[in-house]
Structure formats: structure tokens, C-alpha cells
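K.L.:
We have chain A already, so just place chains B and C with the ligands on it with the hints.
Taken in sequence, the protein lines are chains A, B and C. Position 24 (the first sequence) corresponds to 24 in the numbering used here; numbering is contiguous. Position 235 (the second sequence) corresponds to 235 in the numbering used here; numbering is contiguous. Position 38 (the third sequence) corresponds to 38 in the numbering used here; numbering is contiguous.
The set of hints was computed from the structure by calculation and includes no laboratory data. Beta carbons: idealized from backbone N, C-alpha and C, even for Gly. It is possible that part of the hints are untrue.
Between beta-carbon pairs, the in silico distance windows are [what the hints assert, rightly or not]: (1) B:Lys-81 <-> C:Ile-38: 44 to 54 angstroms; (2) C:Ala-177 <-> A:Asn-108: 23 to 33 angstroms; (3) B:Arg-167 <-> A:Asp-144: 25 to 35 angstroms; (4) C:Phe-180 <-> B:Trp-256: 21 to 31 angstroms; (5) B:Ser-127 <-> C:Val-46: 54 to 64 angstroms; (6) B:Ser-156 <-> C:Leu-149: 29 to 39 angstroms; (7) A:Ala-178 <-> B:Lys-81: 38 to 48 angstroms; (8) C:Val-39 <-> B:Ser-116: 30 to 40 angstroms; (9) C:Val-46 <-> B:Ala-210: 51 to 61 angstroms.
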Amino acid sequence: MMISVDRDEEGRLKDGKNVLEVQNVTKEFGSLVALNNVSIWIEEGKITGLIGPNGAGKTTLFNVITGQFRADKGKVFFRGKDITKLKPYQIARRGIGRTWQVIRIFPNMTVLENLMTAANLRERNAGEKALELLELAGLVAEKDSYAGELSTGQQKFLELVRILMFDADVMLLDEVAAGINPTEQLAALELIHNLCDQKGKTFFIVEHDMDVIMGHCDKVICLNFGEKIAEGTPKEVQNNEKVIRVYFGA
Amino acid sequence: MELLIIALVEGILLGSVYGLGAMGLSLIFGIMRIINLVHGEFLMLGAFTCFWLWFLLGMNPIGATFVAMLVIAALAAFLYKVAIFRVVGKFPLLSRVLTFGLAIFLWNFSEFAFGSTFRSVNYPTGSIGFLGSYLSVNKIICFVVALIIAGVLFASLKWTRIGKALRAASQNPRVALISGINIHRIRLLSYAMGGALAGIAGGLIAIQWAIYPSIGQILILKCFAMVALGGLGSLPGALLGGVFLGIAESVGTMYWGATIAGVIAPLTVIAVFIFRPQGLWGVVERVD
Amino acid sequence: MNKSDKLRLAEKFKTDKRLWLYAIAVIVVALLIALPRIVSPYLCSVVFLMFIYIAYAEAWNIMTGFTGYINFGFSVFAGIGGYASAILIIDHGIWWPVGWLLGGVFASIGALILGSFMLRLRGSYFAIGMLCLLLAAPVLATTEYLIPLTHGGYGFQFVQPVSDLTMYYSAFFISAATVFVAYKIITSSFGAKLLAIREDEEGAGSIGINTTKEKISAFAISGFFAGLAASVFFAFQNYIDPSSAFSAWYNSLPIIMVLLGGIGTLWGPVVGAVIMTFVEEFFWSVLPETYFMACGAVIVLLVLLLPGGIITWFKSRGILPRTRAI
Ligand SMILES: Nc1ncnc2c1ncn2[C@@H]1O[C@H](COP(=O)(O)OP(=O)(O)OP(=O)(O)O)[C@@H](O)[C@H]1O
Ligand SMILES: [Mg+2]
Numbered sequence: 001m002m003i004s005v006d007r008d009e010e011g012r013l014k015d016g017k018n019v020l021e022v023q024n025v026t027k028e029f030g031s032l033v034a035l036n037n038v039s040i041w042i043e044e045g046k047i048t049g050l051i052g053p054n055g056a057g058k059t060t061l062f063n064v065i066t067g068q069f070r071a072d073k074g075k076v077f078f079r080g081k082d083i084t085k086l087k088p089y090q091i092a093r094r095g096i097g098r099t100w101q102v103i104r105i106f107p108n109m110t111v112l113e114n115l116m117t118a119a120n121l122r123e124r125n126a127g128e129k130a131l132e133l134l135e136l137a138g139l140v141a142e143k144d145s146y147a148g149e150l151s152t153g154q155q156k157f158l159e160l161v162r163i164l165m166f167d168a169d170v171m172l173l174d175e176v177a178a179g180i181n182p183t184e185q186l187a188a189l190e191l192i193h194n195l196c197d198q199k200g201k202t203f204f205i206v207e208h209d210m211d212v213i214m215g216h217c218d219k220v221i222c223l224n225f226g227e228k229i230a231e232g233t234p235k236e237v238q239n240n241e242k243v244i245r246v247y248f249g250a
Numbered sequence: 001m002e003l004l005i006i007a008l009v010e011g012i013l014l015g016s017v018y019g020l021g022a023m024g025l026s027l028i029f030g031i032m033r034i035i036n037l038v039h040g041e042f043l044m045l046g047a048f049t050c051f052w053l054w055f056l057l058g059m060n061p062i063g064a065t066f067v068a069m070l071v072i073a074a075l076a077a078f079l080y081k082v083a084i085f086r087v088v089g090k091f092p093l094l095s096r097v098l099t100f101g102l103a104i105f106l107w108n109f110s111e112f113a114f115g116s117t118f119r120s121v122n123y124p125t126g127s128i129g130f131l132g133s134y135l136s137v138n139k140i141i142c143f144v145v146a147l148i149i150a151g152v153l154f155a156s157l158k159w160t161r162i163g164k165a166l167r168a169a170s171q172n173p174r175v176a177l178i179s180g181i182n183i184h185r186i187r188l189l190s191y192a193m194g195g196a197l198a199g200i201a202g203g204l205i206a207i208q209w210a211i212y213p214s215i216g217q218i219l220i221l222k223c224f225a226m227v228a229l230g231g232l233g234s235l236p237g238a239l240l241g242g243v244f245l246g247i248a249e250s251v252g253t254m255y256w257g258a259t260i261a262g263v264i265a266p267l268t269v270i271a272v273f274i275f276r277p278q279g280l281w282g283v284v285e286r287v288d
Numbered sequence: 001m002n003k004s005d006k007l008r009l010a011e012k013f014k015t016d017k018r019l020w021l022y023a024i025a026v027i028v029v030a031l032l033i034a035l036p037r038i039v040s041p042y043l044c045s046v047v048f049l050m051f052i053y054i055a056y057a058e059a060w061n062i063m064t065g066f067t068g069y070i071n072f073g074f075s076v077f078a079g080i081g082g083y084a085s086a087i088l089i090i091d092h093g094i095w096w097p098v099g100w101l102l103g104g105v106f107a108s109i110g111a112l113i114l115g116s117f118m119l120r121l122r123g124s125y126f127a128i129g130m131l132c133l134l135l136a137a138p139v140l141a142t143t144e145y146l147i148p149l150t151h152g153g154y155g156f157q158f159v160q161p162v163s164d165l166t167m168y169y170s171a172f173f174i175s176a177a178t179v180f181v182a183y184k185i186i187t188s189s190f191g192a193k194l195l196a197i198r199e200d201e202e203g204a205g206s207i208g209i210n211t212t213k214e215k216i217s218a219f220a221i222s223g224f225f226a227g228l229a230a231s232v233f234f235a236f237q238n239y240i241d242p243s244s245a246f247s248a249w250y251n252s253l254p255i256i257m258v259l260l261g262g263i264g265t266l267w268g269p270v271v272g273a274v275i276m277t278f279v280e281e282f283f284w285s286v287l288p289e290t291y292f293m294a295c296g297a298v299i300v301l302l303v304l305l306l307p308g309g310i311i312t313w314f315k316s317r318g319i320l321p322r323t324r325a326i
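Chain A with its partners taken away, still in its complex shape (with noise of 0.2 angstroms):
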């Protein structure tokens, strides 16, 4: 990676202008080092991706990121903010959005519904907003239908589009490929790429299929055992050997 006048030489933006800063964290379950000593930085208006195999700590990175876990040591800084100590709820307000591993969304309620609580109680006209949101999805057709009607596919969709609905700038979404079709997979892939290109969103995703990470991703990110093992584009870390060994166990 080059070293230009506004990066420092791990070729990260310097003063904080990642939007997103993880700081050695370090996560433990009980005797288990889920984390160990992690630091990642993620560019705004990129999309970049996390992988390794299973175990590895990916969904514990999104948890600490996203408040779930307290990191056991460390910093996460959003948009040059230290956000490690805030409630899940109070880091989603400040602009991030995940989506979870097995799909959380709410299959009790409507998909317009399933919106309609990401919603911002001040906000006018919500509504409008979570029908542009369901267009966008391509899920117009079934507002009214109960959320656990979806197939896998179109809940994935909405569980993403649902944090678009508070206006997430960054979105951690974890697996997002898993368990749909390849059609599904491929508009999913075209509506993050949009959002990144025209709205300037940040995404950070988890993806077990090599293809997507290598085909649609800024920079890719391996963890192995709860540590970093490489970083890099994909064409560096797919070449990287310590990431060959843990893949192909060499």
C-alpha cells in the first residue's frame, strides 16, 4: 500500500479520518481470548471485508463495535469519537447499522412494520421513507405481509434496508451472502454497491465466499484466532501466506 502524505506508514488516514477505529481490543470468554489485541481502521465510503474461518472472532469484532460486548481492553472510535463505552442503542444513533449472523428480523411483525421501528419518532414522514426503502429492496409487494413470510433472501434484504431507515452511514453486516440464491446474492451485492457509490455508505462485511470478498471489496481484513493475521487489498491477502496456510492449511 502507498505511503502518502495523510496516511502513517500502516496506510491509515491520519487525525482520525477513518470513519471507523479499532484500537487494540482485546475480548475474553473466560479463559477463551475471543479478541486478542485487534486494531482495524475502516475508510469511509469503501467496502471492506472480514473474513476467517469459523471461530475466528469476525461476529465478536461486530459485537464490540456495535456495544453488544464490552471490550475487555481497547478502544473503538467512530468518526474520531470513543464510542466503547456506549449502549448498542447510542452507537446505532450515531450512523451504525448491522445486520446479525442468523437473521434478526421481527417475524411477528410487517415488513413496513419491521421498518417503522428504526423509524425516528420525530421524524415527518417516515412512511414515505420506509416505502422508498421497501422499493429499494424490492419488497413493495410485501409491506404487509408478516416479516417471518419472507424467504431467507428478501429478510436479508430487509434486515439491511432496516438500517438504512436510521440512517446508518456505516453498516457492519455480517454473512450477508450465506444462504440465499445466487440471484438474490447478486442484487444484494448491486444495492451495496450502489449505496456506496451514490450515498458515500461504509460498508464492513463478514463473507465466507471468497468470490464476493475478492470481487467486491476495497480491502479485506483476515482474522484467525481472535488475531489479525492480514490486511491488505484482496489481491494481498488472498497472496498473503499466512492467510493461504489457514485456508488451505498448507
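P.N.:
Same frame as chain A, but now just chains B and C with the ligands:
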């Protein structure tokens, strides 16, 4: 000072009996993750079973207590088979409301069948002098019975195969499911055992106190307090919580009178839940 | 019935049954207003009770049905409201409508205070905590510290402040207001947030919902209507004492009614309350001794056989449209 010691001893004697009831509640919670709101009625029915056996058949009250154990265990097993099993592991509202409804039913059934008069078992065993005061032998006998039962329970949980299965299921219901333990039988067993413990505790209460149908409501409150103190799902915790509550109540009664002592239990529950939800001795545990 | 049939039915309902519904609603309201002139005072008092029950049930539903937090301590708020209004009206000579309103306000404040620490408890802890609060309340009300306020076990004897007719219309208004507010809540994004808490509280937090604040708001609203309805109820009953104020019976009644009608639905509590009013009246006259027992049995049977309640059953059969407004 002597008064305080007497209150302490009385509290320990009382608390051991309470503790049996609370252990039943805790056992059921540990295995099924439901709050057995009928538990107070189990205690009340145990007390009445003991009373009627003594009153009608002239049975020895301690013997009657053990019969009460079997009767309430059978009742619990029956309720599990017809109703409770349908709501275990479902939306928690269902189990709470179901056991709540059962409690209302059993309580008012007793009101209807037995009337709301106070009754008591007359079991004269005399009393012994203690620090210039008297302790009734009744209470000491009940204490010994409670200790024996608790001892047998702990031993069987520790060393028998079924006891180990129960403990495994209590630690993690899902793991137990995978590891081939028949979870339905375990649940049935734990519910019946919870009932059995309540039955004995009820019988022992009938020997010491006046009983009446709505006593179940007061007793379940005490059980909540003990279980809260000991940590939901922990058996030794429940027993310790019982002793703790017994002492708090007897000392409280001595200093402030019975009315205030009556709110010790509910306020303890709320305070413990808010400040130390894992109980005084328990480890952190997620509920629901 | 297959899915398209259901959909068609719902559509049909939308277009030509809407008008019918409005017509029926207007007729019912007119009938209820005219009722005191048509029927006997006895029947009027039953309908009065029905209004109170509707308000109770809907208030309980706002808390428990919408947020999923089981409030086993409903009577605490009814009791606080009843006592507050009795103290204000009898001991301080406050004009009765203001006294009633303040009864609701005090209950609401009580709910706010109790809620702000009780609602930190989750699941079983909350349910047990509220039950303990209920059982502690009558004892606390008779402790020497509160006797100057509550008059201890003796309680209050009302000099009936207003005519039965005024009570009737007040209760009517209160029940209508409760249902209206519940309607406003459940069709708003506030309501959606409450339902989200019921569905998945952690998930709700992750999309920016301040779950504590929303729960406490729902609690306070629920407490307000409970206290308001209770004020009128105790005035009608003409006395209040600790055992009636914090009665286990009036604590369970809303639970039965809401379960019967449909928990978490708008009209379920109303349906349940209407049915239970007349069932109660009937049972009281036929088998007073076994009445409570029967109610326990009804709760058990409802949970086992019709866990969603009447309205939900109709909705799942496609007989009623699946909208929050019903
Ligand atoms: N709440 C928890 N309590 C205890 N251990 C946990 C908890 N959450 C995660 N872990 C452990 O932390 C480690 C990392 O888990 P994590 O879910 O972050 O992995 P992951 O990279 O997301 O894996 P996967 O690809 O399977 O989703 C695992 O060993 C897991 O068992
Ligand atoms: Mg994961």
C-alpha cells in the same frame, strides 16, 4: 444478646424448612427455565395433605409429611403430563400465565374444599430450655428432617446416574439434548421432584404453623426471596437463601413486629434482583 | 382455505365491510350513550363495570401485550390511583374530576418510578419482581408510616361524590380514551418499537431503539389509565381499603380478559372484557363459591387451547384482516 441468639437459632430452624420449598422451585427453574408460579400451592397442598392425614387417619405428622411428599409429587407429575410440558421452552409468557392460572385454580379449590379457617396439626413433643427461653422440639425435628432430605438430594444429584443427568440438563439444556439424555423424562422428573420437595416442606410447615388455603401466596413469595438470594437455578443457594430469610424474618419480627417482617421477603427479592441478579452466591446466568 | 382465498376475503372485507363496521360502531356508541335511559340501573351498573374492565384490560395490554413484559402487579397501579384519588377527594376536598385525573397521574408517576428500576429486570425476574411488589403493597399501605395517608386497614369510605349517571359516562369516556390511545400507539412507530422489544429486545437495541425509555413510557401510559379507571371504580364501589385496592382478583382479571380476547391486539382486551363482565355476572349469581376456581381453570384452558385469544384466532383464519387496527 441472648434474644438475638434465640432469634438466630429460630431463624435457622425455620429457614431450613423454607429452603426445601425453595430448592424445589430452583430445581424446576434450573431444568425447565420456567418460574413455577404454582409452587406456593404445592406447599399449601402439602401442608393440607399432612393435616388431613393426621386429622382424619390419626397418622403421625412426620409420617404424614412423607406421604404428602408422594402425593404432591404425583400431582406435579400429573400437571406436567397434561399441561406444563406443552409450554416448556415456548414463548415464556405462556408458562408464566399457565402456572399462574393453575395457582389460582388450586388456591381457590382449597378455599372451596377446605374453607378458609385456620387449621393446625397438634403434635405435642414438648420443648427444651435454651438460654433461658424455650425451643419447641417440633421445630428441631422438622429441622432434622429437612437436613436429611437436603442431604439425600445433594448426594443423589452428585452420585447417581440420573442425578448427574439432571445436573447436566440444568447446566445446559441444549447440550443435554444433544448428548442423548431424554430431556422430556428429565423435565418430568425434575418437576415431580420439585413437587416432592414442596410437599415435604408444606408438611413440615403444617407441623409448626397454622395453615389456610391462601398461605400458598405467602409461601411462594418467601420461595422467590430465597431463590433470588441464592441465584435462580442453584440448589445450595436456595437452601442458604432459606436460612438467610429465616434469620432475617425471625430477627425482623423480634425488632419490628410481624407486619414489617412480612415485607422482608418481597423487598428482598426486588433488592436482590436489582443489585445482584445473580444472587448472593450464584454465578452470572442468563435468564430466558 | 388456501392463501388466495384468504387474501380475497381480506380484500372484500376492506372494501364493503368497512362501511358496515363504521355503521355498527356508531350504533353501538349511540346505544351505550342512551343506555341509562333505556335499561334498569342494575344493568347499567354492569355496563359501568364493563367500561372499567375494558380500561383495565387495555391498560394491561399496552404494557404486557405490546412490550411482552408480563406485569403481574397491575393492581399496584390501580391501587395507587384509587388511593391517590380517595385521599385527594375525601381528605383534601379536591373536586372529583380533578381528583380522578390526579389519581391517574399519581399512578402514572408510580409506574414511572417503579418502572425505572423494575424494567431493568428481564423476563422471569421482572414477572417475579412485579408479583412481589403486589404482595408487598397492602402490607406497606398499612405500616405506621403510611397510616396517616392511607388510614391503615380501615381505608376510606366515600361520600358518593357524584351521581351514578356521571360515573357511567365517565367510565364510558375513560374506556373509549384508553382504547383510542392504544390504537394511536399500536399504529405508530412508537408502537412498532414496543412490539420490537417484545419480539427481540437485543435486536431492537441494535437498530437504535432506546428500549428502556420506550418500556418505561409504555408502563407510565398503562399506569395512567389503570389509575384513572381505578379512581372511578373505587368511587363507585364507595370504599377503598388495602385488600380491595391491591386485590389479587383485580390483578388477575385483566390477564384473563386480555388472554381471552387476544394479547397484543387492539380489540382483544375489549372483546375479553365484554365477555368476562357478563360471565362474571352470571357466575356470581349461579355459583359464587366456585367462581374463582373456574377463572383459574379458564386461564389454564386458554393458554393450552387458544393461546392467541379470540381475535388472533379470527385473524389466523382470515376472517378478520390482519391489521394492527384490529
Ligand atoms: N457470548 C459468548 N460467550 C462465550 N464464548 C463466545 C461467545 N460468543 C462467541 N464466543 C466464542 O468466541 C469465539 C469467536 O466466535 P465468533 O462468533 O466471533 O466467531 P466467527 O468468526 O464469527 O465464526 P463464524 O464464522 O462461525 O461465525 C468462538 O470460539 C466462540 O465460541
Ligand atoms: Mg460469526
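K.L.:
Next step is simple, just say for each hint if it's right about the structure.
P.N.:
Here's how the hints hold up against the structure:
no.	hint	in the structure
1	B:Lys-81 <-> C:Ile-38: 44 to 54 angstroms	holds, 51 angstroms
2	C:Ala-177 <-> A:Asn-108: 23 to 33 angstroms	holds, 27 angstroms
3	B:Arg-167 <-> A:Asp-144: 25 to 35 angstroms	violated, 49 angstroms
4	C:Phe-180 <-> B:Trp-256: 21 to 31 angstroms	violated, 47 angstroms
5	B:Ser-127 <-> C:Val-46: 54 to 64 angstroms	holds, 56 angstroms
6	B:Ser-156 <-> C:Leu-149: 29 to 39 angstroms	violated, 53 angstroms
7	A:Ala-178 <-> B:Lys-81: 38 to 48 angstroms	holds, 41 angstroms
8	C:Val-39 <-> B:Ser-116: 30 to 40 angstroms	holds, 36 angstroms
9	C:Val-46 <-> B:Ala-210: 51 to 61 angstroms	violated, 39 angstroms
Hint compliance for this structure: hints 3, 4, 6, 9 are not met, and every other hint is.
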